[in-house]
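Colleague: All chains, please: the whole structure from these sequences, using the hints.
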Amino acid sequence: MAVLSSLWAVVITTSSMAQTVSQHQQEKSVQVAESATLDCTYDTSDTNYFLFWYKQQGGQVTLVILQEAYKQYNATENRFSVNFQKAAKSFSLEISDSQLGDAATYFCALRGSHKLQIIFTQDEADALNISSVQ
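FYI, the numbering for the sequence shown is -18 to -1, 1 to 116, going by mature numbering (1 follows the signal peptide of the UniProt record, and there is no 0).
No wet-lab data here; the hints were simulated from the structure.
These numbers come from a predicted model, not from an experiment.
By construction, the Cβ of each residue, glycine as well, lies at the ideal position given by its N, Cα and C atoms.
Mixed in with the good hints, there may be bad ones.
[As the list claims (entries may be wrong)] Using C-beta positions, here's what the derived DEER-type ranges look like:
{"id": "1", "residue 1": "Ala15", "residue 2": "Lys68", "range": "25 to 33 Å"}
{"id": "2", "residue 1": "Gln81", "residue 2": "Leu48", "range": "17 to 25 Å"}
{"id": "3", "residue 1": "Glu16", "residue 2": "Gln39", "range": "34 to 42 Å"}
{"id": "4", "residue 1": "Gln54", "residue 2": "Ser11", "range": "29 to 37 Å"}
[Stated by the list, open to error] Pairs of lysine-lysine residues, derived as DSS-like cross-links and limited to a Cα-Cα distance of at most 27 Å, are as follows:
{"id": "5", "residue 1": "Lys53", "residue 2": "Lys71"}
{"id": "6", "residue 1": "Lys68", "residue 2": "Lys53"}
{"id": "7", "residue 1": "Lys10", "residue 2": "Lys71"}
Modeller: Printed below as a string of structure tokens:
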């Protein structure tokens, strides 16, 4: 799977609060049944916000997991979980027991407490390649 090289960003805001998300790892390859971790850092001056991981595959974008910043525990959804470090402003996606169907482009997003405020970039999205052992 090739990493998408096009630049794409969506910024919809209703306030002047500065927010950014960054993914620096461009591609990761793992074998089936291995675990994979995709890293995301963010910055926001908002005190109440939501963090998301999305998966893009075959032209479809789906929500993988949601973390609410005020919650003390890390969100988990089946084989997907997050390592949310609020003080470090880090939000990593952990995929356990990876399957071929997990191969996709993943990107993190941030939504502040203000309505209609979401920021994500695909130019720095992580592509996850999964191969089976033959």
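Colleague: Evaluate each hint against the coordinates.
Modeller: Outcome of the hint check:
For Ala15 and Lys68, the hinted distance range of 25 to 33 Å is satisfied, since their beta carbons lie about 31 Å from each other. Range check, Gln81 to Leu48: about 21 Å between beta-carbon atoms, so the 17 to 25 Å window is met. Checked against the hint of 34 to 42 Å, the C-beta distance between Glu16 and Gln39 comes to roughly 19 Å, which is inconsistent with it. The hint said 29 to 37 Å for the Cβ distance between Gln54 and Ser11, and at roughly 33 Å that hint holds.
Distance check on the hinted pair: Lys53 and Lys71 sit about 14 Å apart at the alpha-carbon level, within 27 Å; holds. Distance hint between Lys68 and Lys53 is fulfilled; the C-alpha atoms sit about 10 Å from each other, no more than 27 Å. Using a Cα cut-off of 27 Å, the hinted pair Lys10 and Lys71 holds, with the two alpha carbons roughly 22 Å apart.
In the structure shown, a violation is registered for the earlier hint numbered 3 alone.
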